[in-house]
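In the order they appear, the protein sequences are chains A and B.
Its first residue numbered 787, the first sequence is counted upward by one per residue in my numbering.
Its first residue numbered 349, the second sequence is counted upward by one per residue in my numbering.
The set of hints was computed from the structure by calculation and includes no laboratory data.
Warning: the hint list may mix true and false statements.
[What the hints assert, rightly or not] The calculated lysine-lysine pairs, modelled on PhoX-like cross-linking and capped at a C-alpha distance of 25 Å, are:
no.	chain 1	residue 1	chain 2	residue 2
1	B	Lys700	B	Lys673
2	B	Lys579	B	Lys674
3	A	Lys854	A	Lys871
4	B	Lys498	A	Lys1133
5	B	Lys478	B	Lys674
6	B	Lys545	B	Lys773
7	B	Lys824	A	Lys996
8	B	Lys700	A	Lys1037
9	A	Lys871	A	Lys804
10	A	Lys852	A	Lys834
11	B	Lys700	A	Lys1133
12	B	Lys812	B	Lys787
13	A	Lys854	A	Lys834
14	A	Lys1122	B	Lys479
[As the list claims (entries may be wrong)] DEER-style ranges, computed between Cβ atoms:
no.	chain 1	residue 1	chain 2	residue 2	range
15	A	Gly819	B	Glu820	54 to 60 Å
16	A	Ala864	B	Glu671	54 to 60 Å
17	B	Gly722	A	Gly819	35 to 41 Å
18	B	Ser575	A	Phe988	34 to 40 Å
19	B	Arg607	A	Phe988	56 to 62 Å
20	A	Val1119	B	Lys812	19 to 25 Å
For glycine and all other residues, C-beta sits at the position ideal for the given N, C-alpha and C.
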Amino acid sequence: MQKTKNPESKMQTICDDKDRIYDYMLAMVPGVGDVTISALMDAFGSAKEVFKANEKQLSDVNGISKKKCSEIIRTKNAEEEIRQKISRWNRDGIKAVFIHEQAYPKQLRNLADAPFAFFYKGSLPIGAAPTVAIVGSRACTEYGKNVAFSFGKRLALEGVQIISGMAAGADVYGHKGALSAGGYTAGVLGCGVDICYPRTNFNVYMEMQKTGGIMSEVIPGTAPAPGLFPRRNRLIAALSDAVIITEARLKSGSLITADQALEQGKDVFAVPGRIGDPLSMGCIELIRQGAYPLTCVDDILSSEAVKRKIKPCNSEAYKGQDSSDHSTDDENVYAKKVLKTLTDIPKNINRIMYEASLGYEVTAQSLLELELHGMLRSVSAGLYVRAEVAV
Amino acid sequence: MYSEVFGATFFGLSAFLVRVETDVGSGLPCFEMSGFLTNEVKESKERVKVAVKNSGYELRPQRIVINYSPADLRKRGTGLDLPTAMGVLAANGITQNRDFGNTVFIGELGFDGSVRGVRGCLACLMEAKKKGFKTAVVPLDNLSECHYVKDLNIYPVTDLKEAVEIFSGETLPAPPVYEKKVFEDNIDELPDFIDIKGQDDVKRATLTAAAGMHNILYIGSPGSGKSMFAKRIPSILPPLSYEEQMELTKIYSAAGKLRDVQGLLSKRPFRSPGQNITEPALLGGGNSPDPGEITLASKGVLFLDELTQYKMHVIEALRQPLEDKKITVARNMYTITYPADFMLVGAINPCKCGFYPDRGRCRCSDIDIERYFGRISGPMLDRFDIRIYTAPVTFADMFSNKADENVIKDTADETEEIFSFTSDKMREKVCMAHEIQLKRFKGSGRRFNSEMTESEVKEYCHLKDNEINFLEAVFKRFRLTARGCNKILKTARTVADLAGSSDIKKSHIAVAVGFRNDEHISKASGG
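Construct the entire structure; sequences and hints are all you get.
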């Protein structure tokens, strides 16, 4: 995938530019947030100058308390320690990009509270490529999983970058879909990029580092904490051209992301679920408030924000995949019958054999073969759904 | 004067003969006993003295000394009352001083001279027969378990006097003849699978489990019928053979659990101990070794409902007996081995709230589910060859009268037979499968597919190329372990046996894989 080639591969590491250490140090001063940093940068021009300044000069800056002042001094004295930490991060493939640097994602600069430092593993999304966020409930239904996966896959095939939060449920299925198509997908975490949270998604976490990225505004090593996730959501929205909400309850983190996307002027697409389904009520509410109902991939692709970035060359990619008939022996007849009965609503084998009017053993065999070919998913509890939604 | 009488006592499930040596002589009147006795035996001196008196025999004040030999084995139980009393009477010359060397006495005495039933009678008589004894005097209460011991003249008595009178003549009277009832397991008394509507996959899994004696775990929301299935398993297991009945009766006799049973135990046990059970109660043990629940469940079903609610170290302790089919209880005072040849049936909710995967109701996170399921260790979950999810019963299932719903027309494949799940029909199938397995394992000491060793799996679960490729794909897709793969083969063997097929086909493997739910279990338990 040429387009996912990292544009910052030539980016200066700490060894190339001696002054970057001060950027790191500034980002790591405890109790000093993005707003303070921005004030300091305005006053002194660069991080290096900040640390050159004496206490008097620092406290002259508007908003710098005595405490912050002494923290900055203390950080200055811990330079050697921080150097070691950074070289450890470098070894682990953790990189950082700072707001005044060329490589800093443009999309984030528009934020009023843009993070001073942005840490990542793998590579950053490309600003020029269409980017869509897929978010949704963590405790999602099989339908939600399939929708997230299918959109992730189809959009990735169209060259769209998929952003999400690597949370359980919809998020991770969006990532998985993009990964299955070999596309770029990035997870924006609420904790340090070196922490896989939730750890159940470890495989995806590792995969994404290879072909996509893991990123976060907090310093590596920061443990996940409740307050960090809503702030993380604004970054997901900022990095994307459009946001898909697959499923959401009326009060949920997914709706926070949607709100932030709207504030940032992004398109919000909500998957219209069934009325009365508590996991769809959030989406339905969004549609009522003016979000676009999402019914197929084209809804996204034809939206202004995405369309202008799309390169036409990728659009045939999916068509080639569709011919799934590879063999035509007897077993396939059964398998086809079984496949026909599958939907997004989980069914157990009793129901499937009844609907396909097949015997138990034949049905079991067909189900297993379909699963081996990735044409169905067995969700927990001996229940089966089709692997994808046609979107 | 001196006399020698034989009694018997039991230790665990094995009995041993006790020589009761009584010496009556002059000296200060006393009643001394020796020979490593438990309290209940020591206390027998009062029962014996009073019972003898109240039976109308008068003893002059005298020094009575009794020794129980072998003196280094601990004697327990009240069954030694009768031989003690007989010994005292014989030493006093009240019975004709004849040779008691061929007779074993068993029974507890009451103050009125009555002879009452005791524990472990069957084991004692079997041992006596083995040692060449010809005659046995037992309490009438124990007759029903005893008169199945062949080649032993059994005199049931109700009081001490009767026992003495048997030995009053020159020769022994002919032993009374009792009609030996043949006890057939009456399947009609057991709950029937016909009560369960729908859920054919679970019925099929249960059938397979019973056919190969595979351990089975039911996973399902509350009210989805997990215990209903478990309780019906005895109804589809084959009837007990005579030998099995004897063995089982011996266990229950030793445990003192035969009070209300007439004759040999003919029903397969179904034991479902409560969640607060302790390790000794489950495995066996105690001050004087008593068989635990796993031994009482021999030849039958041990059902552990709400598996996560048990103390985990207790559940983990089942791992060894499940492999060995026996349990060795080692204590300071003794080491004893009990049989533990049972089928383990477990039931568990899929998550804390119980409703996963119904996301409309269940809001447990993956971590919650993992935490709940993870209480049971991977190796323990691995002991269940079949892990089947019980889907909640739909209203339509509950009230459908369509018997033909169980009989789905298989238009595509005529080889698969149409089957309706009633206990009768299922039992027939299980019996058939058991017979196939009996032939297969003849002489190897094993009886069921679930007990196969690695080398036997290789021998009896031979696959053709096509099937090997299929299994390989499954192995890779589900990241199976070698053991998991073997378990699947064992279950597949049983599925093939049930289908009357000598080869294991793809479909049999598929069914076994479906029964094992490897991926979900390992995901749920955090593996």
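The hints, checked one at a time:
1. B:Lys700 - B:Lys673: 32 Å, violated
2. B:Lys579 - B:Lys674: Cα-Cα ~23 Å, so holds.
3. A:Lys854 - A:Lys871: Given pair A:Lys854, A:Lys871 holds - Cα atoms ~22 Å apart, limit 25 Å.
4. B:Lys498 - A:Lys1133: 58 Å, violated
5. B:Lys478 - B:Lys674: Holds. B:Lys478 to B:Lys674 sits at ~23 Å (cutoff 25 Å).
6. B:Lys545 - B:Lys773: 16 Å, holds
7. B:Lys824 - A:Lys996: 22 Å, holds
8. B:Lys700 - A:Lys1037: 23 Å, holds
9. A:Lys871 - A:Lys804: Distance of about 15 Å is within 25 Å: holds.
10. A:Lys852 - A:Lys834: 20 Å, holds
11. B:Lys700 - A:Lys1133: 22 Å, holds
12. B:Lys812 - B:Lys787: Holds - the C-alpha atoms of B:Lys787 and B:Lys812 are around 23 Å apart, at most 25 Å.
13. A:Lys854 - A:Lys834: 17 Å, holds
14. A:Lys1122 - B:Lys479: 70 Å, violated
15. A:Gly819 - B:Glu820: 54 to 60 Å: Holds, at about 55 Å.
16. A:Ala864 - B:Glu671: 54 to 60 Å: Since A:Ala864 and B:Glu671 have Cβ atoms about 57 Å apart, the given range 54 to 60 Å holds.
17. B:Gly722 - A:Gly819: 35 to 41 Å: For A:Gly819 against B:Gly722, whose Cβ atoms are near 39 Å apart, the range 35 to 41 Å holds.
18. B:Ser575 - A:Phe988: 34 to 40 Å: 37 Å, holds
19. B:Arg607 - A:Phe988: 56 to 62 Å: Because 58 Å falls inside the window, the suggested range holds.
20. A:Val1119 - B:Lys812: 19 to 25 Å: 22 Å, holds
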